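*Asks:* Top to bottom, those sequences are chains A and B.
Heads up: the first sequence begins at 1 in our numbering, then just goes up one per residue.
Heads up: the second sequence begins at 1 in our numbering, then just goes up one per residue.
A couple of the hints might just be wrong.
[Stated by the list, open to error] Here are the computed distance ranges between Cβ atoms for each label pair: (1) Gly62/A with Asn51/B: 35 to 41 Å; (2) Glu16/A with Thr20/B: 43 to 49 Å; (3) Phe74/B with Asp8/A: 21 to 27 Å; (4) Pro84/B with Ser3/A: 44 to 50 Å; (5) Pro114/A with His10/B: 47 to 53 Å; (6) Pro114/A with Gly16/B: 43 to 49 Å; (7) Val53/B with Glu15/A: 45 to 51 Å; (8) Leu7/A with Asp57/B: 27 to 33 Å; (9) Thr55/A with Val12/B: 44 to 50 Å; (10) Pro70/B with Arg109/A: 36 to 42 Å; (11) Gly16/B with Arg113/A: 43 to 49 Å.
[Unchecked claim] Covered stretches of chain A, as calculated for chain B (at least 3 residues, CB under 8 Å): (12) 59 to 65; (13) 103 to 112.
Calculated from the structure, these hints are not laboratory results.
None of the values given here were measured: they were computed from a predicted structure.
Glycine included, each C-beta is placed from N, C-alpha and C at the ideal position.
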Amino acid sequence: AQSVTQLDSQVPVFEEAPVELRCNYSSSVSVYLFWYVQYPNQGLQLLLKYLSGSTLVKGINGFEAEFNKSQTSFHLRKPSVHISDTAEYFCAVIRMDSSYKLIFGSGTRLLVRP
Amino acid sequence: DAGVIQSPRHEVTEMGQEVTLRCKPISGHDYLFWYRQTMMRGLELLIYFNNNVPIDDSGMPEDRFSAKMPNASFSTLKIQPSEPRDSAVYFCASSLSLGTTSTEAFFGQGTRLTVV
Numbered sequence: 001a002q003s004v005t006q007l008d009s010q011v012p013v014f015e016e017a018p019v020e021l022r023c024n025y026s027s028s029v030s031v032y033l034f035w036y037v038q039y040p041n042q043g044l045q046l047l048l049k050y051l052s053g054s055t056l057v058k059g060i061n062g063f064e065a066e067f068n069k070s071q072t073s074f075h076l077r078k079p080s081v082h083i084s085d086t087a088e089y090f091c092a093v094i095r096m097d098s099s100y101k102l103i104f105g106s107g108t109r110l111l112v113r114p
Numbered sequence: 001d002a003g004v005i006q007s008p009r010h011e012v013t014e015m016g017q018e019v020t021l022r023c024k025p026i027s028g029h030d031y032l033f034w035y036r037q038t039m040m041r042g043l044e045l046l047i048y049f050n051n052n053v054p055i056d057d058s059g060m061p062e063d064r065f066s067a068k069m070p071n072a073s074f075s076t077l078k079i080q081p082s083e084p085r086d087s088a089v090y091f092c093a094s095s096l097s098l099g100t101t102s103t104e105a106f107f108g109q110g111t112r113l114t115v116v
């Protein structure tokens, strides 16, 4: 079975500070990896994805993530956050086999303070 | 394309009533997912379809829940009878086939269901 773990339920940071949101996964097969963002009362929007190739992936709004196969991690980073980055962030995986279950982690609430 | 369209955006119903949530996926997408989001459980995958065929419904909580996809442009999630614990935001998402560079699930705005 596959699972996604986001250990931090909430991450408070000050504006313009760097941030890292952690994501670890477990799977018996290779996976595709995603980060989604959810603003209040809205659906989920894709930030970035790793399918193959370079392990450092850049996404929208200045976010990036690095796939680390040995540590089964896909942490999300931003060097300088804005108030507008306050939202819920979800890590997700898809198994690279015949199934196509898109499974989400429990989410991390990023709270950016002035 | 207008994206994934869900209706209604909000639904308030009394316990015991039947509720039907609707979803129109992005044209050309062959995967469709139904999720439920609550504070306690987060985002749960209820069921997903490939080419209109249900592939995995192991996340459907009980027999009161059913989902159909009669054609490539429409899906429904039905709860009958509804209970207060079904109150949640229900999301529909669609995607192109696995393995393409376009592998990405696009989400609708969700339906906020309140059962009183």
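*Asks:* Could you say whether the range 44 to 50 Å given as a hint is met by the Cβ separation of proline 84/B and serine 3/A?
*Replies:* violated, 29 Å
*Asks:* Given as covered by chain B, does the segment 59 to 65 of chain A meet the bar of three residues or more with CB within less than 8 Å?
*Replies:* That given contact is violated, which follows from only 0 residues of the segment 59 to 65 of chain A lying within Cβ reach (below 8 Å) of chain B.
*Asks:* Could you see if the CB distance from leucine 7/A to aspartate 57/B stays within 27 to 33 Å?
*Replies:* holds, 30 Å
*Asks:* Is it true that the C-beta distance of valine 53/B to glutamate 15/A lies inside 45 to 51 Å, as the hint says?
*Replies:* holds, 48 Å
*Asks:* Between the segment 103 to 112 of chain A and chain B, see if three or more residues pass the 8 Å beta-carbon test, and mark the coverage as holds or violated.
*Replies:* Coverage by chain B holds here, the residue count being 5 at a Cβ distance below 8 Å.
*Asks:* Given the hint of 35 to 41 Å, check if glycine 62/A and asparagine 51/B actually sit that far apart at their C-beta atoms.
*Replies:* holds, 37 Å
*Asks:* Given a hinted range of 43 to 49 Å, is it respected by the beta-carbon distance of glutamate 16/A and threonine 20/B?
*Replies:* holds, 47 Å
*Asks:* Starting from the range 47 to 53 Å, see whether the pair proline 114/A and histidine 10/B falls in it by beta-carbon distance.
*Replies:* The hint (47 to 53 Å, Cβ to Cβ) is violated, given that proline 114/A and histidine 10/B are roughly 32 Å apart.
*Asks:* Phenylalanine 74/B and aspartate 8/A, beta-carbon distance inside 21 to 27 Å?
*Replies:* violated, 39 Å
*Asks:* Measuring from beta carbon to beta carbon, are proline 70/B and arginine 109/A in 36 to 42 Å?
*Replies:* holds, 38 Å
*Asks:* Against the range 43 to 49 Å, how does the distance between the Cβ atoms of glycine 16/B and arginine 113/A compare: consistent or not?
*Replies:* holds, 45 Å
*Asks:* Between proline 114/A and glycine 16/B, does the C-beta distance stay in 43 to 49 Å?
*Replies:* holds, 48 Å
Comparing the model with each numbered hint stated earlier shows that hints 3, 4, 5, 12 do not hold.
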